[in-house]
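Visitor: So the protein lines, in turn, are chains H and S.
Taking this note's numbering, the leading residue of the first sequence gets 209, the next gets one more, and so forth.
Taking this note's numbering, the leading residue of the second sequence gets 3, the next gets one more, and so forth.
Just so you know, the hints here were simulated from the structure itself, not pulled from any lab data.
There could be a bad hint or two in this list.
[Unchecked claim] Heads up, simulated BS3-like pairs for lysine-lysine below, C-alpha to C-alpha not over 25 angstroms straight-line:
#	chain 1	residue 1	chain 2	residue 2
1	H	K260	H	K313
2	S	K43	H	K313
3	S	K57	S	K16
4	S	K66	S	K16
5	H	K211	S	K43
6	S	K16	S	K68
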Amino acid sequence: DAKTTQPTSMDCAEGRAANLPCNHSTISGNEYVYWYRQIHSQGPQYIIHGLKNNETNEMASLIITEDRKSSTLILPHATLRDTAVYYCIVRVDPFSGNTPLVFGKGTRLSVIA
Amino acid sequence: GAVVSQHPSWVICKSGTSVKIECRSLDFQATTMFWYRQFPKQSLMLMATSNEGSKATYEQGVEKDKFLINHASLTLSTLTVTSAHPEDSSFYICSASGQGNYGYTFGSGTRLTVV
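Could you build all of it, start to finish, from the sequences and the hints given here?
Guide: This is the structure we're talking about:
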């Protein structure tokens, strides 16, 4: 799986959009970009994933650059409950459950009132 | 959506005793379970992978005789920390995938404190 690079930490004002970047310059053509988050003392929670098109769901939007070497997770209106560590993971085949997710260090997002 | 129930949420045990952590998939068949460990301010580290009805595959450096994993049914996997020591104190998290589940679902984690 391709390596990802994320900033260690970020702050965001409550109600503002939180934009979390992720670099994955060695991504292969068949690798997807996943985002998970982990709120303190809880298990990771799936947010969104994509291959090359931008994706949006009820939680967030995922913007993937045309060359697919980087992506941005957008939380459109951050709340205090969005304070968590956000993990960007790149891997082949999101539908295969035979291989584990490998977590990097992630970005610690602090939403400030 | 897919739900994985993990129990207990937290446990304190004496050094030398054993602790069992359960992970259940409530609405899907978990053909594969993954067990992670997380130390404070660190990321999740994979300990082992188990497929239903098979022996678990452990990551390098994880003692299989100390961390016993059982995955005897499609809805239940257990992790038993045997002869626990203070250095085993950590946050243990399970993850499940399988039929009827999209992607991976994580349990809520178990905080183990060995005193």
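Visitor: Run the structure past the numbered hints and jot down the numbers of the failing ones, going up.
Guide: 3
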